[in-house]
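S.K.: Below are the chains, spelled out letter by letter.
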Amino acid sequence: MTHTESHITDYRVYGWVLLALLILTTITITVTWIDLSALTVLVALIIASVKSFIVLRYFMHLKFESRLFTVFVVMVLSIYILVIALTFFDYLLR
Amino acid sequence: MEMHRDDIGAKLGMWLFIFTEILLFGGLFLVYAVMRHRYADEFHQAAHQLNAFIGTVNTVVLLLSSATVAMSITAVQKGEKRKGVLFILVTLICAGIFLFNKYFEWGHKFSIGLYPGSDMMIGLKHGYILFFSLYFFMTGLHVLHLIVGSIILTVIMIRIQTGSINKERYVLLENGGLYWHLVDLIWIFLFPLLYLIT
Numbered sequence: 005m006t007h008t009e010s011h012i013t014d015y016r017v018y019g020w021v022l023l024a025l026l027i028l029t030t031i032t033i034t035v036t037w038i039d040l041s042a043l044t045v046l047v048a049l050i051i052a053s054v055k056s057f058i059v060l061r062y063f064m065h066l067k068f069e070s071r072l073f074t075v076f077v078v079m080v081l082s083i084y085i086l087v088i089a090l091t092f093f094d095y096l097l098r
Numbered sequence: 087m088e089m090h091r092d093d094i095g096a097k098l099g100m101w102l103f104i105f106t107e108i109l110l111f112g113g114l115f116l117v118y119a120v121m122r123h124r125y126a127d128e129f130h131q132a133a134h135q136l137n138a139f140i141g142t143v144n145t146v147v148l149l150l151s152s153a154t155v156a157m158s159i160t161a162v163q164k165g166e167k168r169k170g171v172l173f174i175l176v177t178l179i180c181a182g183i184f185l186f187n188k189y190f191e192w193g194h195k196f197s198i199g200l201y202p203g204s205d206m207m208i209g210l211k212h213g214y215i216l217f218f219s220l221y222f223f224m225t226g227l228h229v230l231h232l233i234v235g236s237i238i239l240t241v242i243m244i245r246i247q248t249g250s251i252n253k254e255r256y257v258l259l260e261n262g263g264l265y266w267h268l269v270d271l272i273w274i275f276l277f278p279l280l281y282l283i284t
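Chains A and B, in that order, give the protein sequences.
Residue numbers for the first sequence follow my numbering, beginning at 5 and rising by one.
Residue numbers for the second sequence follow my numbering, beginning at 87 and rising by one.
Fair warning: there could be bad hints in the mix.
Said to hold, decoys possible - So, partial list: chain B residues that the calculated Cβ filter (under 10 angstroms) puts toward chain A:
#, residue
1, D93
2, F115
3, R124
4, D127
5, L150
6, V155
7, K164
To be verified - Quick list of in silico lysine to any residue cross-link-like pairs, SDA-like style, CA-CA up to 20 angstroms:
#, chain 1, residue 1, chain 2, residue 2
8, B, K97, A, W37
9, B, K253, A, V75
10, B, K97, A, I12
Hints were generated in silico from the structure; no laboratory data involved.
Even glycine gets a Cβ: it sits at the ideal position worked out from N, Cα and C.
Take the sequences, apply the hints, and build the full model.
M.R.: The following block contains the structure:
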């Protein structure tokens, strides 16, 4: 039987995290009103990535779990980014 | 004799499943990226058809539901059973609101004849067809995950109530929560890419 000392996150932490996510959502929406032409997609993706980072770290408890979980997640995301990069190399240089 | 139990192993299994889900949606996002690059203007125009207001409401609702699932874990860890059940209930209500909005959003599109395979859609330009096909497929697959997640959370809520999920043993709640956060995570990317980039 494996017993691990489990981390109990305070309710308030989740409250702050939710607030941060809502603020980031507001920023994403406001930014679309400003015309950044080519940068629009990039800005949207950057904000979405920040939000995902917060969700993964706090809501999905990566901050409190064994480092192994973080290593796995980083590996999977790296492979995915590599696949996107390779696809576009092929597509753009065809 | 004590039963064998491995919470870390259970969570690792859940994460492996989540990775397959990330790659499933990842494939669709890849198609979206390439097609958006190819039909930039048409994607741009087609996105105007989507209701950004409903999309925003659903974003807020999903973020709130994610927070309450996380809070429910805290409640169960502290042995506050009633709060734990209540937090899950709030999550399920949020899921209901999301589905309700989606029903009207899709219902409106179907009523004006905009759905995969309709005469109207076949008559559109190539970029439009691709955008709406991706829109229906990606949000549809996402909603399917949301419905499955709601069923899982309903079972979990009942189990907290009956006490089979308790402060000593709550890995099922944690894994159900992970699944729910995945649903939220996918929406975080779907929302700006489909609704906002106009």
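S.K.: Has the given pair, K97 of chain B with W37 of chain A, been kept, meaning a C-alpha gap of at most 20 angstroms?
M.R.: Cα-Cα ~41 angstroms, so violated.
S.K.: Holds or violated: is there a CB of chain A closer than 10 angstroms to the CB of L150 of chain B?
M.R.: Since chain A brings a Cβ to about 7 angstroms from L150 of chain B, closer than 10 angstroms, the hint holds.
S.K.: Assess, step by step, whether the Cα of K253 of chain B is no farther than 20 angstroms from the Cα of V75 of chain A, and give holds or violated.
M.R.: violated, 28 angstroms
S.K.: Any CB of chain A closer than 10 angstroms to the CB of D127 of chain B?
M.R.: violated, 12 angstroms
S.K.: With 10 angstroms as the cut and Cβ atoms as the points, is F115 of chain B at the interface with chain A?
M.R.: holds, 8 angstroms
S.K.: Mind checking the CB of V155 of chain B against every CB in chain A and telling me if the closest is under 10 angstroms?
M.R.: Result: holds, 8 angstroms to nearest chain A Cβ.
S.K.: Under 10 angstroms, Cβ to Cβ, is where K164 of chain B needs to be relative to chain A, so tell me if that hint holds or is violated.
M.R.: Given a least distance of 7 angstroms, the restraint on K164 of chain B holds.
S.K.: Against chain A, run the beta carbon of R124 of chain B and see if the smallest gap drops under 10 angstroms.
M.R.: holds, 8 angstroms
S.K.: Tell me if the interface restraint on D93 of chain B is satisfied: Cβ within less than 10 angstroms of some Cβ in chain A.
M.R.: holds, 6 angstroms
S.K.: Hint check: K97 of chain B vs I12 of chain A, CA-CA at most 20 angstroms. Holds or violated?
M.R.: With Cα atoms ~17 angstroms apart, K97 of chain B and I12 of chain A stay inside 20 angstroms; holds.
Of the numbered hints given earlier, the model fails hints 4, 8 and 9; all others are met.
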